[in-house]
Amino acid sequence: MTDTAALLRQRYGLDIQCAEPLNPTVECMLNHRSCRSYTKKHVGNDILNLLLACAQSAPTKSNLQQYSIVLVRNTTARARIAKLMPSLSPWFEAAPIFLCFLGDVRRIRRLAEKRGHNYANNNADTFMNASIDAALAMQNFIVAAESMGLGTCPISMVRDQITDFASILELPNGVFPIAGLTLGWPDWKGTVTHRLPPSIVINREIYDDSTLDTDIDNYDSRAHKLKPIKPQSQRHIDRYGVLEKCTWSENASRQLSVPERPNFTDFLKSKEIELK
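Residue numbers (my numbering): 1 to 276.
Take the hints with a grain of salt, since some may be wrong.
[Stated by the list, open to error] 35 Å max Cα-Cα, derived DSBU-like pairs, lysine-lysine: (1) Lys-83 <-> Lys-269; (2) Lys-61 <-> Lys-269; (3) Lys-269 <-> Lys-230; (4) Lys-227 <-> Lys-114.
[Claimed, not checked] Simulated restraints on C-beta separations: (5) Ser-34 <-> Arg-107: 23 to 33 Å; (6) Ser-147 <-> Ala-19: 17 to 27 Å; (7) Thr-211 <-> His-236: 51 to 61 Å; (8) Gly-116 <-> Ala-19: 26 to 36 Å; (9) His-117 <-> Pro-172: 35 to 45 Å; (10) Leu-64 <-> Pro-90: 37 to 47 Å; (11) His-117 <-> Lys-225: 34 to 44 Å; (12) Ala-19 <-> Arg-109: 47 to 57 Å.
Keep in mind that the hints were calculated from the coordinates and are not lab data.
Note that CB positions come from ideal geometry on N, CA and C, so glycine has one too.
Can you build the whole structure from these sequences, using the hints too?
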């Protein structure tokens, strides 16, 4: 059992006192790190089925269960997916299993028709509910996988070339990708990424960001000391150039200064999903 304060320092880069003892689940969650290097060891179906059951044990809005999961072991299919995300080469191809977590409003639509009811919720709220259902299932899967010694890495890049990606998985109307996830036995310990301090993220009673500037400056300094952002990881250097010290807030601001996935709404409409 690891010391609680040590794990909190590892996560935040701050000394945070906590007298509460750890249990294995909390220790696993505080130790989370994305895995981008895998061994060739086989992931058995028994383990995989157990992890999928954990995913399906996640909370779901009104028990509507508006999500699905596509599991891809086939090397040919994974190679086709990899071509859509060349910047993830070669580690993506080496992951033995790829999963995609999907928002799925198709199922309820079909059931409404089967039961003779009008489906009256093709809207932004249902889109959000389905997205959250899928995200909760993925998080449950990640925690369960890491508790068993497996490594994972979520991949939002599946939405970059979303139409081609959906074609590979043969996604019908009413089904849309939230994120992908690689799974395998880790060949690399990885590093724990410093998260924003509680003073920025956690609000008590009301929302208050009055100390944001100071808190972000301090966080940027801690994160830079732990893991400097290398030139090849700095965003949009064609616009902004390369910085000797590129901080988290600078890189995040650069990233979102250019529209990302501008065709996403059009894709959703093509799948008969409205955001009204």
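Checklist line | Lys-83 paired with Lys-269 [C-alpha distance capped at 35 Å] | finding: holds, 25 Å
Margin query: Hint check: Lys-269 vs Lys-230, CA-CA at most 35 Å. Holds or violated?
Written below: Cα-Cα ~38 Å, so violated.
Notebook entry, point to check: Is the distance from the Cβ of Thr-211 to the Cβ of His-236 consistent with 51 to 61 Å?
Noted result: violated, 29 Å
Check: Measuring from beta carbon to beta carbon, are Ala-19 and Arg-109 in 47 to 57 Å?
Finding: Hint holds: Cβ distance 51 Å, inside 47 to 57 Å.
Next item on the list: Compare the distance between the alpha carbons of Lys-227 and Lys-114 with 35 Å, and conclude whether the hinted pair is satisfied.
Entry: Answer violated: Lys-227 to Lys-114 is near 54 Å, above 35 Å.
Note to self: Against the 35 Å threshold, does the CA-CA distance of Lys-61 and Lys-269 hold or violate the hint?
What the structure shows: Answer holds: Lys-61 to Lys-269 is near 23 Å, not above 35 Å.
Check: Quick one: are Leu-64 and Pro-90 within 37 to 47 Å, going by C-beta?
Finding: 39 Å Cβ-Cβ, so the 37 to 47 Å window holds.
Checklist line | Hint check for Ala-19 and Gly-116 - Cβ pair distance inside 26 to 36 Å | finding: violated, 58 Å
Next item on the list: Given the range 35 to 45 Å, decide if the beta-carbon distance of His-117 to Pro-172 lies inside it.
Entry: violated, 20 Å
Next item on the list: Look at the Cβ atoms of Ser-34 and Arg-107 and judge whether their distance stays inside 23 to 33 Å.
Entry: Holds, at about 30 Å.
Check: At the C-beta level, are Ser-147 and Ala-19 separated by a distance inside 17 to 27 Å?
Finding: About 24 Å separates the Cβ atoms of Ser-147 and Ala-19, which means 17 to 27 Å holds.
Next item on the list: Evaluate the given range 34 to 44 Å for the C-beta pair formed by His-117 and Lys-225.
Entry: violated, 58 Å
Taken one by one, the earlier hints fail for this structure at numbers 3, 4, 7, 8, 9, 11, listed in ascending order.
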